[in-house]
Every structure is written in structure tokens, then in C-alpha cells.
Amino acid sequence: MSTDVVTPRPPRRSGRLIAPVGIGVAVMYMSIIVLIPMAALMGGAFDEGWAGFWDAITSDQAIAAVLLTVKLSLVVMLINAVMGTIIAWVLVRDRFVGRGFVNSLIDLPFALPTIVAGLTLLALYGPDGPVGINVAFTEAGIVLALLLVTMPFVVRSVQPVLLELDRDMEQAAASLGAGPLTIFRRIIFPNLMPAIIGGSGLAFSRALGEFGSLVLISGNIPFQDQMASFYIYSLIESGDRTAAAAVSVLLLTLSLAALLLLSALERWTSRHAR
Amino acid sequence: MFRSGRCRACVAAAIVALSVVIGLAAACSGDDDGITLVAYTTPREVYEELIPAFADGPAGEGVRVYQSYGPSGDQSRIVESGLDADVVALALEPDIMRLVDEGLVDADWAGGPTAGFVSNSVVVLAVRPGNPEGVRDWDDLLRDDIEVITPNPLTSGGAQWNVAAAYGAQLERGRTHEQALEYLAAMFANVDVQPKGSREALQIFRAGKGDVLIAYENEAITARQNGEEVDYVIPDETILIQNPIAVTSGSGNPAAAEAFVRHLLTPSSQGVFADKGYRPVLPSVLAEHAEAFPEPPGLFTIEDVGGWDDFRSDFFSSDGYMVDIFAGDAPGDRR
Amino acid sequence: MPAEAPAAAPRGDVTTIAPYRPPANRGATAARWGLRLAALGYVAAILLGPLALVFYNTFQSGFGEAWAAVTSPAALHALYLTILIALIAVPLNAVFGVAAALVLVRRRVPGRSLISALIDLPLALSPVVVGLSIVLVWGQDGWFGPATEATGVQVLFALPAMVLATIFVSLPFVVREVVPVLREVGSDQEEAASTLGAGAVQTFWRITLPAIRWGIIYGVVLTTARALGEYGAVRVVSGGIAEKTETMTLHVEERFQAFDYVAAYGSSMVLAILALVVVLAMNLLNRKGGGDGDHGH
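Listed in order, the protein sequences are those of chains A, B and C.
According to this note's numbering, the first sequence is numbered sequentially starting from 1.
According to this note's numbering, the second sequence is numbered sequentially starting from 1.
According to this note's numbering, the third sequence is numbered sequentially starting from 1.
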């Protein structure tokens, strides 16, 4: 046996600098890209003080736009909660030709540019559509577009949970005579609840700020079917950047509040899951 | 082995450096010998024909004309916000005046032979082929069975002409200011969709929505030439639309920019405007195309309804008549 | 009771688990078919159908016209611009992403959850708001606007602002994909290497990087997809000048507004094909053990 002793060398001097320099560069990057623009947004929103901010977010048009956006986003969230779970269920528990293909397809709305998503829906469900349905310039059209871009959230949130579910309880219940519906309702669903809620929250948050897919399909009439993102856009274009920033801050706050609320709900239900 | 680690670091660093360099190079690559035309949406087809003609001629040799089209107000504000434009061709004078106020356009821009205008038109009522609803004039727009489309005047210059036309037509017929406002409120009750700009409005009308589209004569003609099925009615009372054009004071290539504008005002270019449905600003060319462009008996201009400044502040400011009408209040409530 | 735990399959891989077979009865079969139809019908109606129609519409006027539309000078320049912006944004975000992940996982910096939240912020922001924030910084009345104007560099309505917007919206993906992998990998090997005298850089290149490489690759794929497909934020900060400041997505809209439907559908098809390639890459990589289900947009 060799009697050589391995003497650990102290780390090089240069190694000590890399971490702080790296962090410094990363911080600068974050600042230029995110922090400074966000600070400018906050600053811009309160450019005319609290009074200006309040006026901007309580103007009739702002209220109409935000209410409509929240309403339609809630509708989309609920539809996603149901359909997303069904799709996840079918993709995990069922077996059919092309299942892998459909599973891959679910990720497509993440990768598809929003303007293209809107265009595809307009092609099929617009005035030139072959199936005779025309939802262009209606709330239904907006909902349809939002459903497309938020499709993957609940599905991808529920799938992993379904995959990891312990089948023992289900099989035990089945052997004791419980029907599939009861099994789902009392065993499976409580375990899925947190994931459904989490995914729904992401879907809601995404729908709140959606813009690109709605550009071609929405009528954008003030007080009627104008979404918040379009109202902000029109404020930017008309030069009222303070109001635009104010409504943006409101929208962002709503989005974050929804995410916080739903993630708290998610934790609460996961604690109470059987 | 240690060396290969270094090499990989080199590669990564090189990629990042390359990215930054590409970025900077692209950012710093200034204009070539080109001018940028910032225009409103509708005259796209005209410029697409006139620009090659310009490039073929002696004045335009080697000059690339970059183009940006969008709603007139938006385009004006973008230039105001710093977009490098050489020539601005917008839908209505106030959009140029905004730039004059900022020092981006010289105050004497309207001093030329055509008072700064490059094309004219009139507001018409576009209808379905054969005019199945039998729309004849502005009062028909108040009918219960008629759905009207007009762009949002708060974002679109085109729609501001439309509102001015509708309002002024009432005055031309002898109605009072209050009655004219009532007319507007009643008419906008029949407006279901207000697109962002005139091009979008035409899209929507073409898509089957609405019975009447308040549009420019030139838009309707262009649509027809594109194979779209639209007819149009020139009401007896309507407004003369005058579209301004100007060279910016900060232009990087003023000689080429001015040559371009001069080119647009030659009889042959004005003839192209006429072919595409615009009323030429040169009287001689207009006379040549008199058949295509009948003069309505009650033709008036924006001056007849108070001039742009007053009209816009009365109608389109945040406490103006249009905001009242949109909110369903009586016009004048907010004042 | 047979202890048959389901195989721990990597996320997204749905082919290794046998389906739960309920007791065979007509109700169960009907339910299964009902669910299947609901799910597949939904996906077909909202996703597949519209996409297929656009593919069809593109070639309705013949292959030649579609090709001409997609290779027009404006379309080609838009493609070039889109790729250029991605070539700048993606490597920068990748490097930042790895650095940020290292900081978040391996170091005890104060305010880690705040930093993490800030990095995730782009996912909660409307693209219009992203564009607005950039206008507020680099516009004429903005924080840095007058300074850049003085130096003659055009930021807003030109390439730099479009790059900034794209970097902003595609920022979180590499970080989010690398962080869980870093955590899982653990720092044992790194510490061992350090004790044996390896420098920080050496440790990173030889130990850390190979361990997290699939997370990085997956994150880069997501970042690229986002960068190529961004619309709203770029729309706000771009001047819309054809052949100068139009990306592919802006070009699609512009052609649509100009009644040039063949070009609009054609360019959409190019973007959709790119998206499909990305989705394929995502799913292939998923099998290599990267990624979770949470991709914000």
C-alpha cells in the first residue's frame, strides 16, 4: 500500500472572485431586464400621485375592461379545471391509438405564438370558417381563444399526480364493492384537488393578461367587449402612459393575488387530502 | 483533460460574446441610403405602386423607402415617441400638428402648392352589393334594422372624419347643434363594433358584420378593386377628407424625403392616386377623373364644423361628447 | 394484496403504466368512451382542427403562391429578424439562467424567495405590460430615453427594444428547469471535487454542468420557443416598419390586415411548424429526465 499522502490544495485565488463577479453580473442583468422596467412601471403608475392612480383605475372604461377580463378569465378557469382533468385522466388512465401523439400535442399551446393561435381559431370559427360557426367579435370567441392558450396548465399539473397515485386504495375500495364513481369522488379526486387548483390558478393568471390571440378575434369595443390588455394598449397608443401603467399595476396585482390565493388553497386542500 | 475544460469555457464565452456583438452591430447599423415613410393604414396600395415608380426615376435612384402603416393617431404618437421617420403621411391634419408642436415637423409644412395635402376623399356609406337595405343618407343609419360599423374615434383618425361628417351633415341640413348631437347618440346606438382603425373596420365589414360601414370613398373603391363585394353611397351632405403629408425636420435624408414628396404631387402620381380611388389634390387631374368622383351638393370641410382643434377638444377629449355617448350618457354630461 | 407500486416514470411519459381496468361492465365502458370522446373532441375542436385548417388554407391557392408569399422580401426579413433576436436572447438567458440557478440553490443569499419570485414575474405579466415598462424606461420621456437619444443610439422602435422585450418574457425558463435538477443532483460531488483541490470553474465544468445539462437543454428549448413566438411585448415596442422592425409574428398580423391571407396563413404555418418541432424536442427531452409540468407563458 502506498504511503503517499494526498495533500488538498487550497482553492485558487481566482476561484474566489468568480462567485461574486458572477453574482454581480447576474444582478446587473436582472436589473436591466426586469427590475428597472418594473420600477419604471410603478413610478409611471403613480406619476400623478395616488389620486391619478385611483382615477385611472376607476375610470368607467377601465372598470368595464377589468370586470370583463376577470369574468371571462374565471369562466375559462372553470372550464379548464373540468376539461383539463378529463384530458389528464384520459391521457394517463386510458389507452388508445395515438395517445402519445395527443399527449405531445398538449404542449403545443406553450410553443405556438399567440397571434398564430388566434389566427387558427379565426380560420375555423370565423366568418370564412367551413363549419358555419362564426364567433368572431363575440365573447365566445374570446373565451375560445383563451381556452386554447391555457389548455396545458391544468392537464400538465394533474398528470404527474395521477401518475404517482397509489392504486392500492382504489383497488381496495373496488374489492369492497365501491363503484368507479364513488372511488373517483372519495379517493382520487381529493388527491387531485391541489393540482387542479394550482393549474387553474396558472390558467387564470395567464388568461388575465392574454393579448396576442385576441387581437384578430375580438371586437375591442370600449365598454362592451374590450379586454384589459387591449385597454392598456389603447392607452399606450393614445399617449396616456400614466393611466396605462396604473391599469397595468392593477392587472398585475390581480394576477398575483389570484396566484397567492390559489396556492394557499392548494396547500390547504393538500393537507386535507386523504 | 484540463485543456478540454478550458476549450469548452472558451466556446461558451465566444457564443455569449458573439450574441452581444451581433446585437450591438445590428443596433448600431444606421440607416443606409433610405428614408422611412410612416403612413396611416389605407394608402398602402398606392404607395406600393408609387414607391417603385420613385425608385425608377432620377430623383429616387438608390433610395430605399421603408414603410410603416398603422392607425393615423398611433403612427403620429409613435413618431412623437421617437421613431425615426423621414416622411409622415397621415389621415388628418391634427396628427401632423402634434408633431409640429414637438418640433418634429417644421411649422411651414403646409406652405406648398397643395397646402400640405397629398390626397383627398369624401366620407361615404359602404353597403352590401346592390344596397339591399336601401340606404340613401345619414338618417337611414338610425333605422332599427341597420347595424353600423365605424372605427373607434378615440384611437383612429379615420373615425374622427366619420364623426365630423355625420355631425356636419346634420348642420348642413339645417339642424341645430343639440339635434346633431342627438343624432350622433342615436346613430352610435346602432354601432355594434368599433375596430381600432379603418383597415380593421373594413375587415370586419367584409367578414359579414354590419349593414353599413362609414368609410372613406377611397377605401370602398380599393376594396372593390380587390374583388371585395361592396357598394357605396355618397350622401348629399358629407365632408371633404384632406390627407396631409410632411417631411420631418429631423430627417436623416431630407433631400431624398423632399424629392419623394414632390414625386407624389406630380400629375402622374396623382393619376395613380385617382386610379386607386383617391380624389387628387391637383385640380387638373381631378377634372380628368370627374366621372369617378362626383361632387356632392352638400360638400363641406372641417373648417365648417369649427376646425380640427375645437372639434377634437369638444368631441374626443376625455370629457368630450364621444366619451359621453360611449358610456350611454347624454352628450355634454361630462362638461 | 400484491404490492405493485406504479413504476416511477419520468413526467410526461405516459406509455409505461398499464391502465387501471375497472370491472368489465357496460357502464364502465360507456364512461370510458364518454371521457375519451370528451377529451379528444375538446382537443380536436380547439387545437387540432384550427391548426389543420390553416395548413390546408395555406395551400388552397396552390403551392407556388404559398411559397412566393413565404419567401417574399418582407417575410424573409421577418424570419431573419426573428432568428436574430432569438440568437441574442436565448444564449444570454441560458447563461443567466444557470448562474441564477446556482445562486438560488447553492448559496445562502438573503431574499432567495424574493429573487425567485422576481425571476418568475414575466410569467404573470401581460405582454402589453412588458412592452409598456420598456417604453417607460427607453422612451423619450423615459428613465434612460433622453440619455440614449443624446448618444444617437435608437433603442425604442428598433432592434434593441425588441431584444430587451424578448429577453424579458423568456427569462424564467432556464432557471426554472435547472433549479430542480440542481437540487436533485445535490452538492456532494461538488464538495468532493473541491476537497480534492479542484477550482470553482473546474468543478463547474466537469461536475455540475454535465449533471444539469438536460435541464439546461430543456430550458433552452422552452426559451427558444418563447423567443420565436413572442408577439404582444414586441408589438408595443416595435415601430412596425416592414423589412426593418417586423418579426415573423408581427408580419403575420400585418399581412392579415393587408388582406393578404395566403401570406398570413403561410407565415403562420412556418411558425406552427417551428412550434411543433419544439414540442417534439420537449417530449423527447422529457424522456431524458428533464422538466416538470409548469411552463408558464
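Rather than coming from a laboratory, the hints here were simulated on the basis of the structure.
Treat the hints with caution; some may be incorrect.
What the hints assert, rightly or not - Facing chain A, from chain C, some residues (calculated, C-beta under 8 Å):
{"#": "1", "residue": "Arg36"}
{"#": "2", "residue": "Val129"}
{"#": "3", "residue": "Phe168"}
{"#": "4", "residue": "Ala193"}
{"#": "5", "residue": "Val201"}
{"#": "6", "residue": "Trp205"}
Unchecked claim - With the Cβ distance kept under 8 Å, some of the chain C side facing chain A (calculated, not the full set):
{"#": "7", "residue": "Ala30"}
{"#": "8", "residue": "Ala31"}
{"#": "9", "residue": "Leu40"}
{"#": "10", "residue": "Val54"}
{"#": "11", "residue": "Leu87"}
{"#": "12", "residue": "Pro91"}
{"#": "13", "residue": "Pro110"}
{"#": "14", "residue": "Ser113"}
{"#": "15", "residue": "Leu114"}
{"#": "16", "residue": "Leu121"}
{"#": "17", "residue": "Leu164"}
{"#": "18", "residue": "Ile273"}
{"#": "19", "residue": "Val278"}
Just so it is clear, CB atoms sit at the ideal spot from N, CA and C, and this is done for glycine as well.
Hint check results:
At about 5 Å, the closest approach between the beta carbon of arginine 36(C) and any beta carbon in chain A falls short of 8 Å, and the interface hint on this residue holds. Because the smallest distance between the Cβ of valine 129(C) and any Cβ of chain A comes to about 4 Å, under 8 Å, the interface hint for this residue holds. Checking phenylalanine 168(C) against chain A by beta carbon gives a least distance of about 5 Å; that is within 8 Å, so the hint holds. About 10 Å separates the beta-carbon of alanine 193(C) from the nearest beta-carbon of chain A, more than 8 Å, and the hint is not met.
With a cut of 8 Å, the hint placing valine 201(C) at the interface with chain A holds, because the nearest CB-to-CB distance is about 6 Å. At its closest, the beta carbon of tryptophan 205(C) sits 12 Å from a beta carbon of chain A; the interface hint therefore is violated under the 8 Å criterion. The interface hint given for alanine 30(C) is broken, as the beta carbon of that residue sits about 11 Å from the closest beta carbon of chain A, more than 8 Å. The closest approach between the C-beta of alanine 31(C) and any C-beta of chain A is roughly 7 Å, which is under the 8 Å cut-off, so the hint is satisfied.
Because the smallest distance between the Cβ of leucine 40(C) and any Cβ of chain A comes to about 7 Å, under 8 Å, the interface hint for this residue holds. Interface restraint check for valine 54(C): the shortest CB-CB distance to chain A comes to about 5 Å, inside 8 Å, so the restraint holds. Nearest Cβ of chain A to the Cβ of leucine 87(C): about 17 Å, over the 8 Å cut. The hint is violated. For proline 91(C), the interface hint is violated, the least distance from its beta-carbon to any beta-carbon of chain A being 12 Å, above 8 Å.
With its C-beta approaching chain A no nearer than about 12 Å, proline 110(C) sits outside the 8 Å limit, and its interface hint is violated. The beta carbon of serine 113(C) is not positioned within 8 Å of any beta carbon in chain A (closest approach about 13 Å), and the interface hint is therefore violated. This hint is violated: leucine 114(C) has a C-beta 11 Å from the nearest C-beta of chain A, more than the 8 Å allowed. Annotation: leucine 121(C) was flagged as interfacial toward chain A, and the flag holds, the nearest CB pair being 6 Å apart, inside 8 Å.
With its C-beta approaching chain A no nearer than about 7 Å, leucine 164(C) sits inside the 8 Å limit, and its interface hint holds. For the restraint placing isoleucine 273(C) at the interface with chain A, the shortest Cβ-Cβ distance is roughly 11 Å, beyond the 8 Å limit, so the hint is violated. Interface hint status for valine 278(C): upheld, as the beta-carbon distance to the closest one in chain A is roughly 4 Å, under 8 Å.
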